[in-house]
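Trainee: Quick note on our numbering: the sequence shown kicks off at 773 and runs consecutively.
Source of the hints: derived by calculation from the structure; they are not laboratory data.
Pairwise CB distance ranges (calculated):
(1) R902 to A969: 40 to 46 angstroms
(2) D979 to W837: 49 to 55 angstroms
(3) D979 to R902: 51 to 57 angstroms
Ideal placement from N, C-alpha and C gives every residue a C-beta, glycine not left out.
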Amino acid sequence: MRWFDSRPPITLLREDNVREGFIDPPEFTRLLAELRARNASDVADAAEFAYLTCLRRGNALGALWSWFTLRIEGGAVTGGSVRLPGAVTKNKQPLPLVLTGQLLALVARRWALRVAECPYVFHRDGREIRDFRTMWMAACEAVGVAGLLFHDLRRSGARNYRRAGVAEDVIQRIGGWKTRSMFARYNVVDERDLAAAGERLSAFLTDAASAPPTIVSLATARAVRSGERLQKTSRVGEHGQNTDSRGTSAVAAATRQP
773 MRWFDSRPPI TLLREDNVRE GFIDPPEFTR LLAELRARNA SDVADAAEFA
823 YLTCLRRGNA LGALWSWFTL RIEGGAVTGG SVRLPGAVTK NKQPLPLVLT
873 GQLLALVARR WALRVAECPY VFHRDGREIR DFRTMWMAAC EAVGVAGLLF
923 HDLRRSGARN YRRAGVAEDV IQRIGGWKTR SMFARYNVVD ERDLAAAGER
973 LSAFLTDAAS APPTIVSLAT ARAVRSGERL QKTSRVGEHG QNTDSRGTSA
1023 VAAATRQP
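Using the sequences plus the hints, can you model the full thing?
Mentor: In structure tokens, the structure reads:
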């Protein structure tokens, strides 16, 4: 085997894979309504599941009841969790999610629609949902989000979490992103976020401008120090005068004694 004394320079190819494409909650609500109007409630529920969990298309559509631990009361789902096994996640790490709020309501609805012999949470008459591309494109165009991909729901969900104030490390865990760079590829900051950041900065600067200064000029500092020295000298002088007065009084009193 031959060894080289130095490593030759290697130029890496530019990785241009920043994700684009989002849908905000108002448009997403209209999209769900349009899908249901087209008799595609199963696809609408799967889309909502992906939007709320930041899951990939394959994991959302392929969700199995065996992944869920549910609390059933009176025949209805009232709580629980879902745990995606590492075998189906991209980073090979299991992904646990607690069922609350809209996600809990969605799972409860799907539980009521389950088919005994079907293992899938989202199904079409007991069969796995596969191709719905034509219907999806038509619904997206109808509500003004033409070109939206199902995978865009994952990006949009991550941005919703960030706008809700959830810490980025928590969002990374929810979405299964192992590193900050992987999460950054989803480009979850848009022009509206930048505008909001500018408004917050302006508000901060306005408040800060009205606060007392924490740094003074050199001339002002010298004047303050000079005033402090004068006050100190004045206090010393007054103290000495009082001392002398007491001494003079004592001598006078002694001379008056017989």
